[in-house]
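Undergrad: What follows is each chain in one-letter form.
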Amino acid sequence: MKVQLTINGYKKEIEVKPDEYLLDTLRNSNYLSVKRGCDSSSCGVCTVLLDGKPIASCSYLSVKAEGHEITTAEGIQKEAAQISAYFGDEGADQCGFCNPALALTIYAMKRELSDPTDEEIRDYLVGNLCRCSGYVGQQRAIRAYLEDTL
Amino acid sequence: MKNVNRGLPSIDGKGLMMGKPAYTDDLAEPNSLIIKVLRSPHPFAKIKKIDTKIASEVNGVECVLTYKDFSRIPVTRAGQGYPEPSPHDKFVLDNYVRHIGDEVAIVAAVDLITAQKAIKLIEVEYEVLEPILDFEDAYNNKIIIHDEPEIHEMFPIGFEPKKNIAAAYDMHVGNVDETLKNCDVVLETSFYSQAQAHVMMEPHTANARIDCYGRLVIYSSTQTPYHVRRIISQALDYPLSKIRVIKPRVGGGFGGKQCIHGEFFVSAVTLRTGKPSKLVYTRKEVFESSFSRHPMRFDVKLGATKDGILKGIDVNVLSDTGAYGEHALTVFMVAGAKVLPLYNKVDSVRFGGKVVYTNHTPAGAFRGYGAIQGNYALESAIDMMCEKLVIDPITFREKNMIKEGETSPIFKIMGEGTEGIEMSVESCKLEYCVKRGRELINWKEKYPFVKGKSSKVRGVGMAIAMQGSGIPYIDMASAMIKLNDDGFYNLIIGATDIGQGSDTILAQIAAEVLETDLDKMIVYSSDTDLAPFDCGAYASSTTYVSGNAVVKAAKNMRKMLIKEGARSLGVKEEEIIFDGKLFQTEDEKKSITLSDLSNHLFYSEDQQQLVATNSYVGTKSPPPFMAGYVEVEVDTETGVVKVLDYIAVVDCGTTINPLLALGQVEGALAQGIGMTLYEEVLYNQRGGLISNNLMTYRIPTRKEITNMNVEFADSYEESGPYGAKSVGEIGIDTPPAAICNAIYNAVGVRIQSLPVTAENVLMGILKNKEKRNEKQ
Amino acid sequence: MKINNYHKVNTLDEAYALLTSDKSSSIIAGGAWLKFSKKTIENAIDLSNLNLDQIVETKEAFEIGCMTTLRQVEVNKSLMTFCNGVITKSINEIMGVQIRNIATIGGTVSGKYGFSDLITPLLVLDTKLQFYKNGIITLEEFLNSKDFKNDILVKIIISKKIGKAKFISMKKTSNDFSVINTAVFKNKEECKIAVGARPNGALLAIKAMEFLDNNKTYSEEVINECASIASKEIPFGSNIRGSKEYRIELCRVLIKRGLQEVLK
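First to last, the protein sequences are chains R, D and X.
If you count the first sequence from 1, you need to add 710 to reach our numbering.
If you count the second sequence from 1, you need to add 437 to reach our numbering.
If you count the third sequence from 1, you need to add 1 to reach our numbering.
In isolation and in its complexed conformation, chain R is listed as follows (with noise of 0.2 angstroms):
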């Protein structure tokens, strides 16, 4: 079936199979930033904006997304550079494979929430898993990232 996504700001006409995920799909268009990790929704490296909310684009229909906005990390270049800035300063980035969905997740969180605790941080982004770095690098960059920018 073809689906009207809008991906990034550009409304696409996609080809997709009523049983296909959005990961697939993405994947195939050449989205690359978007990875695969676990395919059961557990690891948040397929991460992507559906209108604006994060979702696991594992786990989400393809046809279900027909009229929204998807966004990857191709589509949030400017804020992903700048956040990668505060990785840099706390020896947070290690392999990189979680990043692109991680800057997207806090992308998205930094609209949803004013000023938020470490405790709510960690909240929002608990399904954003990632075996390098330990995640207290993450979290230093994240709060030096909210408290330059809010």
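Hints are computed from structural coordinates only; laboratory data are not their basis.
Quick reminder that beta carbons are idealized off the backbone N, C-alpha and C, glycines included.
Worth double-checking, as some hints may not be accurate.
[Claimed, not checked] SDA-like, lysine to any residue: derived pairs with alpha carbons at most 20 angstroms apart: (1) D:K505 / D:Y675; (2) D:K992 / D:K1018; (3) X:K36 / X:G115; (4) D:K1206 / X:E246; (5) D:K888 / D:D1082; (6) X:K90 / R:P826; (7) D:K1026 / D:E1012; (8) X:K161 / X:E58; (9) X:K245 / D:Y1120; (10) R:K727 / X:V10; (11) X:K78 / R:E822; (12) X:K90 / R:I831; (13) X:K90 / R:D833; (14) D:K893 / X:R258; (15) X:K245 / D:N1121; (16) D:K554 / X:K3; (17) D:K721 / X:W34; (18) D:K721 / D:T1133.
[Said to hold, decoys possible] Label-pair ranges, simulated between beta-carbon atoms: (19) R:K788 / X:M2: 35 to 41 angstroms; (20) D:K881 / X:S160: 55 to 61 angstroms; (21) D:K485 / X:E15: 51 to 57 angstroms; (22) R:G777 / D:K1018: 54 to 60 angstroms; (23) D:S1190 / R:A854: 39 to 45 angstroms.
Based on the hints, put chains D and X in the right spot on chain R.
TA: Below, chains D and X without anything else, positioned relative to chain R:
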């Protein structure tokens, strides 16, 4: 510009966060054939009949391969120096399957759906065999897991497949039985550790293509591109010279990508079809069909005098390598070699045991391999000994542990798979680490426990640890530096950046020698055609071994530059002062910039390309040390254990990049905490892994890991690049023992089998209560 | 999982006709858990166009459309203060934001998942379900019946009863499923206690509730006895997250803690 010992962001961090296509699957040919692997539903079976006819005829299927399509060449998938200290016990495909998830056949098709459909159409008739699922039953069992005539060891590693032994080892110093007999206090106890999974975020991924020169080009998410090239060549009997392996960005490895995974299959399919192909493991395949940490049983005996002098250590280990013997011997040996020297003042030590085959998912390399298991056993046992002696565990360690300038006979006896190297520890700030950690955790106020609110009790615990820095006389690294016009450089290295930031720190080292800015040192790494050899990212070797190679190459380049600078200015080399940008004579009368010089060398006079190359192989393996302290809170009504704070004071010599070193330690601590408290490995009765996805195998989230405090000791290792030792693994070693010691100090429950579960802690608490009630 | 035909319907009538037209037709809620199913779905029915993703607050109740995502429920301001925010709290602990923005309340309730963290607090509140054909029934009736498979859950109606409530779950890591979860509710008229993730679906602890109703004062002993009764009357089992024995012990402790909170 100072580049070393400076916290700089990793050079690829920004691009990766922006989502640039950089990982193996991002770089696959868009029209690659999709490979799916038919995997064994049985833990042990013989393939009696396999019929691929119907599957092959499905429209869109390009090839279906079974064991019949491969010559019987046994190899090891372990990415180690050659000849490998691992048994050659694996065929690309075999007519026996030895664990659930083992490979039966491979299908390559135009798309995933077709491949999945074809997989279901392969008809297999199995003769199901009785498996060995308990590693304590494996030795000398009537069931023989590896009965193939072709398999062999490369040199003596104690390989006895007829007894299900992949490797065995024994050593002793002095007479332990005699020593223990004369001790005032003897402790005898056992510990079990589990098959932790790596859970790198990027699943194992590989793709292959034939390039325009007719050569096989493999992209792989690997830690060991050069070993991959060698092993593929052996296994497929295909010329080494026709294979190129490229390692793009890697989404985490932790040892899990030190072994070969999908490279066999993409290579075989592409060679057979001439078409590009790719394979991305599902998460289930990562769990069931790659590798895990070796589960181990430790039987430990310690003997001490009543005034707290440790006299003898006796450790017997049984290790489970699963269906194949990747890293069987080396992981086992490290459980002794990187643990026992911590207590170097004992009269006698004995260490030995066996690594056995079972019908479980094979074990392989995993960060801190052997050391974390050994550390858990020994550092738990030390605390148990202290309790018997009624001595503070820190005081006991301070009396008995290794100190700067000292040695241990273990260094000479035990290496990784071979004999070790005699050395004394020239840089060892362990005493400082212990002292500083004690202050930071506030041991005086908190040891052994503090009662918290309602049902909560807080306890503190600690452990000390050591690692190594590469494998001396075996693992080599090399580096090339090329000068470009305008005076910037290429640093071309075999070293494998898997997210730990080695490209960044190696560039920092080169930039330091050549006194240039980091952005003038352009790194290209891990391409077997274009970069010089490096053994790969393992054994905590990159900073130390590859770092030393970079120092040597950069010094060569510096010499060449000064020679050319002198020639250009018409003076003697001794007269030249070079500050990284400008060559000038002492009297400042003559000068030329590097930029001008390099432009001249390219276009105007005495034209030539300056390239410096050098390599390094260690002659010792200086250990980094650390002290780990943890404060836990135990809920005495639910058994839930929370890590409130983890203090790590680390001696890794100079930190080339303090930020990236910090990330290494923090990340390793989290993995160690995960192994200790959360990462349960569960099998069903048939030998199938229940915990084979991220809903059943739990790694810590950011809500479990909330506080860490990592500090680095002021330390300088003469033999290291700018005084550096390694830092990749040391952080993972202490959490199991330190946390178990803290739980014991809090609630009197000693966990001797990992992971600690809330259920086990609660059951222990209830049992203690019962005992107390009985006494009353 | 395989889907042959996908229908974004425009009316409930259309949805119902499709649902009953073929045994392998199915309503697609969030669709997140579908992928774990081995079924082939002939007609996948998507209710997205029916404006059923609204939370309507009336004087008497919250009426939550079946397609409302868990996240929408979680961030609803009124629900945050309703009965000490017991619903908000229970949803807040379900995996990550990424899945709570997909999963719907209708899918969660109609799935009757044993691991559900949401059904347990709904059970101690006055929760009713509005079905397309069968009309309004209580949540409890629905959980105990197999009769509603061919009907469409349209709305979840939570009466605004006044009282104190507390949800407590125990998880191994924060994005895991619960080892056990408990909810208690107390006001002048009644006490309600529910236990879920046993590992089977949530149940009310009727005997414990009666015991508490028959007591006028809530001493430490009464609370302990009540928790103990609940842990004995509720049937538990073992799974990978915990043994039956451990769950019995946890049930007692968590209900005790819940009661201490609501009886403060």
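Undergrad: Give a verdict on every hint.
TA: Now for the hints, and whether the structure bears them out:
no. : hint                                 : in the structure
1   : D:K505 / D:Y675                      : holds (17 angstroms)
2   : D:K992 / D:K1018                     : holds (16 angstroms)
3   : X:K36 / X:G115                       : holds (18 angstroms)
4   : D:K1206 / X:E246                     : holds (17 angstroms)
5   : D:K888 / D:D1082                     : holds (16 angstroms)
6   : X:K90 / R:P826                       : holds (17 angstroms)
7   : D:K1026 / D:E1012                    : holds (11 angstroms)
8   : X:K161 / X:E58                       : holds (9 angstroms)
9   : X:K245 / D:Y1120                     : holds (18 angstroms)
10  : R:K727 / X:V10                       : holds (18 angstroms)
11  : X:K78 / R:E822                       : holds (14 angstroms)
12  : X:K90 / R:I831                       : holds (16 angstroms)
13  : X:K90 / R:D833                       : holds (12 angstroms)
14  : D:K893 / X:R258                      : holds (13 angstroms)
15  : X:K245 / D:N1121                     : holds (18 angstroms)
16  : D:K554 / X:K3                        : holds (13 angstroms)
17  : D:K721 / X:W34                       : holds (17 angstroms)
18  : D:K721 / D:T1133                     : holds (11 angstroms)
19  : R:K788 / X:M2: 35 to 41 angstroms    : holds (38 angstroms)
20  : D:K881 / X:S160: 55 to 61 angstroms  : holds (56 angstroms)
21  : D:K485 / X:E15: 51 to 57 angstroms   : holds (53 angstroms)
22  : R:G777 / D:K1018: 54 to 60 angstroms : holds (58 angstroms)
23  : D:S1190 / R:A854: 39 to 45 angstroms : holds (41 angstroms)
Of the numbered hints stated above, none is contradicted by the structure.
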